[in-house]
Amino acid sequence: MTGMTQSMPGGDLPGMAPHADGRSWMRLIDWIWTVRGELPLPAGQDADKAFAKLEPFFREPGTSFDQAEGRLTFTKKDPLAQDKMSIYDRGELRVESQPGGGVLRYWMTSKSLLFCFLAPLLFVAFGQIIVGVGILAKPDAEQADKKKKEEKDKVRELHWIDQMLGAPAPEKPKKDEKDKKKDEGGKDRFSPTSAYVFAGLFALLYVIGRILEDRLISRRFLRSLSGG
Amino acid sequence: MNGVRVGNRIIGADSPVTIGWENVPKVEGGPFKRLFFTWFQPAVLFSMILFWYYAPNSIAKASTAIGIGIAFRALLLALEWVNPRFKSWELTWKECVTDLFYVGLGYTILNLVDNFIGSDVLIENLLSSFDWDKFAWFTGLPLLVQAFLILFIFDFGQYWMHRGMHNWYPLWLTHSVHHYITQLNINKGAVGNPVELFLIGLGIGGLFDFLPRAALLAGAIGMSIGVYQHINVRFNTPAWWRFLFNTTEHHSLHHSLDFEATRSNYASNFIFIDRMFGTCVDGEAELLGMEGGRRMSIREQMTYPFTEGWKTMKEKFGKADDTHAVPAE
Chain Y
0 MTGMTQSMPG GDLPGMAPHA DGRSWMRLID WIWTVRGELP LPAGQDADKA
50 FAKLEPFFRE PGTSFDQAEG RLTFTKKDPL AQDKMSIYDR GELRVESQPG
100 GGVLRYWMTS KSLLFCFLAP LLFVAFGQII VGVGILAKPD AEQADKKKKE
150 EKDKVRELHW IDQMLGAPAP EKPKKDEKDK KKDEGGKDRF SPTSAYVFAG
200 LFALLYVIGR ILEDRLISRR FLRSLSGG
Chain U
0 MNGVRVGNRI IGADSPVTIG WENVPKVEGG PFKRLFFTWF QPAVLFSMIL
50 FWYYAPNSIA KASTAIGIGI AFRALLLALE WVNPRFKSWE LTWKECVTDL
100 FYVGLGYTIL NLVDNFIGSD VLIENLLSSF DWDKFAWFTG LPLLVQAFLI
150 LFIFDFGQYW MHRGMHNWYP LWLTHSVHHY ITQLNINKGA VGNPVELFLI
200 GLGIGGLFDF LPRAALLAGA IGMSIGVYQH INVRFNTPAW WRFLFNTTEH
250 HSLHHSLDFE ATRSNYASNF IFIDRMFGTC VDGEAELLGM EGGRRMSIRE
300 QMTYPFTEGW KTMKEKFGKA DDTHAVPAE
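Going down the list, the protein sequences come from chains Y and U. Under numbering that gives the first Met the number 0, the first residue of the first sequence is numbered 0, with each subsequent residue one higher. Under numbering that gives the first Met the number 0, the first residue of the second sequence is numbered 0, with each subsequent residue one higher.
Calculated from the structure, these hints are not laboratory results. Incorrect hints may appear among the rest.
Stated by the list, open to error - In the DSS-like style, the derived pairs of lysine-lysine whose C-alpha atoms are separated by at most 30 Å in a straight line are: (1) U/K60 to Y/K137; (2) U/K60 to Y/K83; (3) Y/K83 to U/K25.
Claimed, not checked - A few chain U residues that don't get close to chain Y, going by computed Cβ distances all over 12 Å: (4) T17; (5) A64; (6) W80; (7) F115; (8) G139; (9) F155; (10) L198; (11) G200; (12) A238; (13) F271; (14) G291; (15) T311; (16) E314.
Built from N, CA and C at the ideal position, the CB exists for glycine as well.
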């Protein structure tokens, strides 16, 4: 059975088990963007029945699939935001017979997981760029900050309405604070802190996503397979 | 689909929309829930105004504003979970990562670019080149008037920039990417091609001198109003708020799959600017996006204005390809 117009040649897919050839080293790192799993099929459920139950997952806009001989391969392009498998780009599901009953094995790759895994590096690089540009632009920035500081040093008065309502009056910066800030020059404008915070945030999001999406798809498949 | 006549326009002919406040669903649930989601927005706005008006100088700083902004967004994310407007706008892990990537760009690389070619820097250079001073009389006004003017001047400029983006093809190319979002969530305002994110941040506020506290007040008021443009929370927003300020309902229409509905509700904070110029439509939409709701990948979002612009240029000025020519209808 083929869904949509385009099907994927199964021969292009890496095997679900580690290979003894040159690609086996990939298995060491491909957990970063690959989700694998194994689910027991309910008693008496064969490959056709199992894939019929899972078919709604692949009848989504932007999804192409090809099912034959106990194997289903799929690709996704620009899936909808609410597609239950939106993080996956391609993959393979296979039903295997074992002494204890049928087993569904799946293997799916996700560019989103890879992107999130690499995003911290990207933001660390942004941080380094910001620091670098800050060093190059420092003389100009110091000049501009000095001018701004001089402007800020003028103490302005509040409007009489604000004085009456009790809003705190603007203060003139203390001398030592001023000097301290002056020493810092344009550092605030070229601070890499935000970039590093986002690097940390994406590292955390990767860990959450890698665990959450793995469990979600396993639970969704299981629910569909055992559904009436 | 027939659509609904609003003024001289037919809204909702391409995709379903809800027009008129009386047709927009209300918050369902117990009395506490209804009370909370009715008064949350005004309570936050007035609390923010009071806080920034009376906070001692030692607290009234930009770092405090950043901290409050992050905490407030975290709270709103929780509200999206508690009381979503539409189940079909639920925040998924992938959407969250995509949105945060753009928020991150805003805080890092775009911020860096703004240090050199942002409107404030350009205005600063302009003033110093001609030895002009800023409009210093601005600082003599009451704080809340200053804060309102800061916001209004920016919003008025943004209204025309945004309207221009919907009416002039080169600008539309940059803005169209933002219209490919298919749901509204708290950080969706940050999603768009970086060129557009830079353009939409341009303003003439740098011409005016104002008190730091007024700027903080303006920031807090802007956040307490503008943050609801992109959010998946159902509120019973009071009528006076909906009359004055942009809401999720207004902005969902602006992002609707319906072409005519997208040509409305351009202002960022003050929807009364749209009312002034006849572009306001009151209502909401659930189905959002472009091209039938196709979701764009980050890679395409980055390149789309350029590839699409190139395609258009080739069609217009390139050699005609007879084999693929399609007659105009």
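For each hint, the structure was consulted:
no.	hint	in the structure
1	U/K60 to Y/K137	24 Å, holds
2	U/K60 to Y/K83	43 Å, violated
3	Y/K83 to U/K25	28 Å, holds
4	T17	20 Å, holds
5	A64	14 Å, holds
6	W80	14 Å, holds
7	F115	8 Å, violated
8	G139	6 Å, violated
9	F155	23 Å, holds
10	L198	21 Å, holds
11	G200	16 Å, holds
12	A238	28 Å, holds
13	F271	24 Å, holds
14	G291	8 Å, violated
15	T311	21 Å, holds
16	E314	23 Å, holds
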